[in-house]
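Participant: Here is how the chains run, residue by residue.
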Amino acid sequence: MSDGNDKPARNLVISDKVMIEMKGVHKWFGDFHVLKNIDLTVKEGERIVIAGPSGSGKSTLIRTINHLEPHDEGHIKIDGVELTEDLKRIDEVRRDVGMVFQQFNLFPHMTVLENCTLAPLSVRKMAEKDAHDLAMKFLERVRIPEQASKYPGQLSGGQQQRVAIARALCMNPKVMLFDEPTSALDPEMIKEVLDVMVELAQEGMTMLCVTHEMGFAREVANRVVFMDAGEIIEEAPPQEFFSAPKNARTKEFLAQVLAH
Amino acid sequence: MDDVTGRPAMRRKKNAAPVEWIRRNFFSSVSNTLLTIVSLYLLWLTIPPVLDFTIFSAVWTGTTRDACLEPGAGACWPFVWANIDQFIYGRYPPSEIWRVNLTFALGIAVIVPMLIPGLPARRLNLVFLLIIYPLVAIVLLAGDRPGLPPVPTSEWGGLLVTLVVAITGIVASLPLGVLLALGRRSSMPAIRMICIIFIEFWRGVPLITVLFMASVMLPLFLPEGVNPDNLLRCLVGVALFSSAYMAEVVRGGLQAIPTGQYEAARALGLTYWQAMIRVVLPQALRHVIPGIVNTFIGLFKDTTLVLIVGIFDLLGQVRAQLSDPSWSLPQGALTGYIFAALVFWAFCFGMSQYSNFMERRLDISRGR
Numbered sequence: 001m002s003d004g005n006d007k008p009a010r011n012l013v014i015s016d017k018v019m020i021e022m023k024g025v026h027k028w029f030g031d032f033h034v035l036k037n038i039d040l041t042v043k044e045g046e047r048i049v050i051a052g053p054s055g056s057g058k059s060t061l062i063r064t065i066n067h068l069e070p071h072d073e074g075h076i077k078i079d080g081v082e083l084t085e086d087l088k089r090i091d092e093v094r095r096d097v098g099m100v101f102q103q104f105n106l107f108p109h110m111t112v113l114e115n116c117t118l119a120p121l122s123v124r125k126m127a128e129k130d131a132h133d134l135a136m137k138f139l140e141r142v143r144i145p146e147q148a149s150k151y152p153g154q155l156s157g158g159q160q161q162r163v164a165i166a167r168a169l170c171m172n173p174k175v176m177l178f179d180e181p182t183s184a185l186d187p188e189m190i191k192e193v194l195d196v197m198v199e200l201a202q203e204g205m206t207m208l209c210v211t212h213e214m215g216f217a218r219e220v221a222n223r224v225v226f227m228d229a230g231e232i233i234e235e236a237p238p239q240e241f242f243s244a245p246k247n248a249r250t251k252e253f254l255a256q257v258l259a260h
Numbered sequence: 001m002d003d004v005t006g007r008p009a010m011r012r013k014k015n016a017a018p019v020e021w022i023r024r025n026f027f028s029s030v031s032n033t034l035l036t037i038v039s040l041y042l043l044w045l046t047i048p049p050v051l052d053f054t055i056f057s058a059v060w061t062g063t064t065r066d067a068c069l070e071p072g073a074g075a076c077w078p079f080v081w082a083n084i085d086q087f088i089y090g091r092y093p094p095s096e097i098w099r100v101n102l103t104f105a106l107g108i109a110v111i112v113p114m115l116i117p118g119l120p121a122r123r124l125n126l127v128f129l130l131i132i133y134p135l136v137a138i139v140l141l142a143g144d145r146p147g148l149p150p151v152p153t154s155e156w157g158g159l160l161v162t163l164v165v166a167i168t169g170i171v172a173s174l175p176l177g178v179l180l181a182l183g184r185r186s187s188m189p190a191i192r193m194i195c196i197i198f199i200e201f202w203r204g205v206p207l208i209t210v211l212f213m214a215s216v217m218l219p220l221f222l223p224e225g226v227n228p229d230n231l232l233r234c235l236v237g238v239a240l241f242s243s244a245y246m247a248e249v250v251r252g253g254l255q256a257i258p259t260g261q262y263e264a265a266r267a268l269g270l271t272y273w274q275a276m277i278r279v280v281l282p283q284a285l286r287h288v289i290p291g292i293v294n295t296f297i298g299l300f301k302d303t304t305l306v307l308i309v310g311i312f313d314l315l316g317q318v319r320a321q322l323s324d325p326s327w328s329l330p331q332g333a334l335t336g337y338i339f340a341a342l343v344f345w346a347f348c349f350g351m352s353q354y355s356n357f358m359e360r361r362l363d364i365s366r367g368r
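Heads up: the protein sequence lines correspond to chains A and B, in order.
Under the numbering used here, the residue at position 2 of the first sequence is numbered 2, and the numbers go up by one with no gaps.
Under the numbering used here, the residue at position 49 of the second sequence is numbered 49, and the numbers go up by one with no gaps.
Some hints could be false.
Which chain A residues face chain B? A few, computed with CB under 10 Å, are given here [to be verified]: (1) Leu87; (2) Asp91; (3) Arg94; (4) Val97; (5) His109; (6) Arg124; (7) Met126; (8) Ala127; (9) Arg167; (10) Leu177.
Computed cross-link-like contacts, SDA-like style, restricted to lysine to any residue with a CA-CA straight-line distance of at most 20 Å [said to hold, decoys possible]: (11) Lys77(A) - Arg89(A); (12) Lys88(A) - Asp363(B); (13) Lys301(B) - Phe339(B); (14) Lys150(A) - Arg278(B); (15) Lys150(A) - Asp363(B); (16) Lys191(A) - Arg141(A); (17) Lys125(A) - Ile277(B); (18) Lys88(A) - Arg145(B); (19) Lys88(A) - Glu263(B); (20) Lys23(A) - Ala236(A); (21) Lys88(A) - Ser186(B); (22) Lys125(A) - Arg278(B); (23) Lys125(A) - Tyr272(B); (24) Lys125(A) - Ser186(B); (25) Lys174(A) - Ser15(A); (26) Lys174(A) - Asn222(A); (27) Lys77(A) - Ile90(A); (28) Lys150(A) - Arg360(B); (29) Lys150(A) - Arg361(B); (30) Lys88(A) - Gly118(B); (31) Lys125(A) - Thr271(B); (32) Lys174(A) - Glu263(B); (33) Lys88(A) - Arg123(B); (34) Lys150(A) - Gly118(B); (35) Lys88(A) - Thr271(B); (36) Lys88(A) - Ser187(B).
Just so you know, these hints were derived from the structure itself, not from any lab.
Note that the Cβ used here is the ideal one computed from N, Cα and C, for glycine as well.
Only chain A is shown next, with the shape it has when bound in the complex:
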């Protein structure tokens, strides 16, 4: 990760403003109870890493935040706007919540630049020139401005994921959701993506990140949320989480992921 960076991100200011509030959220896939009574409050500027074994509902949890997965019970509020079935409100929330997927999900029929300008142009109704400048600014920030006119299929996985981050940032989101952003990458490309994410955290972006990168959690997160079987089992700052886990299941999980 950002080696030699001796200014840990967790010392950043966290405001008192509540950005995401989940209360008593339940979700079922058919008979399968994937989210059980989730309570989670995220304040502005917080960087939360959600960890847990696969199938524990981590991805589903962050996908309910922008309503890609509708929740069945409970309340979710994003920056004061409650998520209901009201489509207008869902779109409103989605504009302010950026998301980065495991499989990048770039649009293969558009150039990198077009991928980035699509939402500013058609959702924010930005002028062409402004959208272009904005996209170039973020492509520079993720260090691939020279690839702007290429198609996603011509880029490496790490480059594609950085474009996906730039694409989300072009909407000026208040929150960024990362759904296992490095899991589909070859090992040598993980660092370039994590570096971008660390920088983003240092700039004070509110982030929720589902990841197995425990090093990233240690360095960047101010809170680690551990999930198992659809429940939040434990929530703690990273030092405490890694050195003194309370729950037996957390200990077991940490023993497995930190073993190698």
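Here the structure of chain A is known, so what remains is to put chain B in place on it, guided by the hints.
Facilitator: For chain B alone, kept in the frame of chain A given last:
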């Protein structure tokens, strides 16, 4: 012939001597040699007589049937020249034919720029093609405006009718088919049911039945005095019929697009329609260009079925002229059908070549 794909073998042996190339590709084994000989024999049986009939023994000049009466004469092309106006315009009044020509010319002027990739103002052009041009064409062809005496559709015929039916079907079936395909995949049960019933209904009936219903049965159910034009009824029938087929082709393309594409678009704040129009459909339609063009070609040829409800398309008009006693000839029917076949082939081959061109071009521009 040893190599099923054919192409790579030819490329590899490009620099080899022609004799060597022939030996390798046509006579590499006993079975291959046999196949080559059988194929050559079949070609020998079919090609020379066809060429002889259509070109070498054919009568090219003359103005009456007498020119074609000599024994052993092949195709009687003067029959086609003499009736070319009927073949193209049907019974459209000769003094008004300029209106059809103008419509054709305008059509070419609108469609050709659409087909050439990379020209500017395509959106404007599309609006013109889909909205303004049809209106202009209706006014020009049907008339009943100052300076344009009315020409009832019963007088339209020939290639004019073929093109009107085919182009209306093509232009209407793509957007309708896309809507139906989206509806069939909708999460709203009512919309999904309606689309499934619609698609399965139209796919389940033969086009002949549709045309009969439109032409003969529909007027019986409509209230007195409401009697839409026969050609119009058939146009609607053909458009709905082909849109059901188009819907299934498009659905195939939609299924090939990973849900992550749609989710990524929605996560960026795009609405359902924005996500579909900007992200999902461009990819889905590209996947199914061959299927779409296949449907277009099928539709183009199916237009000949309007003959059975008393509308004379190109083929119907050729058949009609065959019964003209002043051109009664033993080889008349064959000549007429070969001509009709050539015209249909030219249009269909053009469409298929254009689709190949588009596929190649899209592949290149994606850098793949």
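Participant: Against the 20 Å threshold, does the CA-CA distance of Lys23(A) and Ala236(A) hold or violate the hint?
Facilitator: Within the cut-off at roughly 18 Å; holds.
Participant: Does Ser187(B) sit within 20 Å of Lys88(A), going by the straight-line distance between their CA atoms?
Facilitator: Holds: Lys88(A) and Ser187(B) sit about 18 Å apart, inside 20 Å.
Participant: For the pair we were handed, Lys150(A) and Arg361(B), check the Cα-Cα distance against 20 Å.
Facilitator: Within the cut-off at roughly 16 Å; holds.
Participant: Checking hints one by one. Is Arg94(A) an interface residue toward chain B, by the C-beta closer than 10 Å rule?
Facilitator: It holds, given that the least Cβ distance between Arg94(A) and chain B is near 4 Å, below 10 Å.
Participant: Straight-line Cα separation of Lys150(A) and Gly118(B) no greater than 20 Å?
Facilitator: With a Cα-Cα distance of about 18 Å, the restraint between Lys150(A) and Gly118(B) holds, given a limit of 20 Å.
Participant: With chain B as the partner, please determine if Val97(A) meets the hint condition of a C-beta pair closer than 10 Å.
Facilitator: Hint on Val97(A): holds, closest Cβ of chain B at ~8 Å, below 10 Å.
Participant: Take the C-alpha atoms of Lys174(A) and Ser15(A), compute the straight-line distance between them, and say whether it is at most 20 Å.
Facilitator: holds, 13 Å
Participant: Decide if the proposed pair is consistent with the structure: Lys88(A) and Asp363(B), CA atoms, cutoff 20 Å inclusive.
Facilitator: Judged against 20 Å, a Cα distance of about 37 Å means the pair is violated.
Participant: Would you check whether Met126(A) satisfies its interface hint, that is, whether its CB is within less than 10 Å of any CB in chain B?
Facilitator: violated, 12 Å
Participant: Answer holds if the nearest beta-carbon of chain B is closer than 10 Å to that of Leu87(A); otherwise answer violated.
Facilitator: Hint on Leu87(A): holds, closest Cβ of chain B at ~8 Å, below 10 Å.
Participant: For the pair we were handed, Lys301(B) and Phe339(B), check the Cα-Cα distance against 20 Å.
Facilitator: holds, 15 Å
Participant: Is the straight-line distance between the alpha-carbon of Lys150(A) and that of Arg278(B) 20 Å or less?
Facilitator: This hinted pair holds, its Cα atoms lying about 18 Å apart.
Of the numbered hints listed earlier, those contradicted by the structure are 7, 8, 12, 18, 24, 30, 33.
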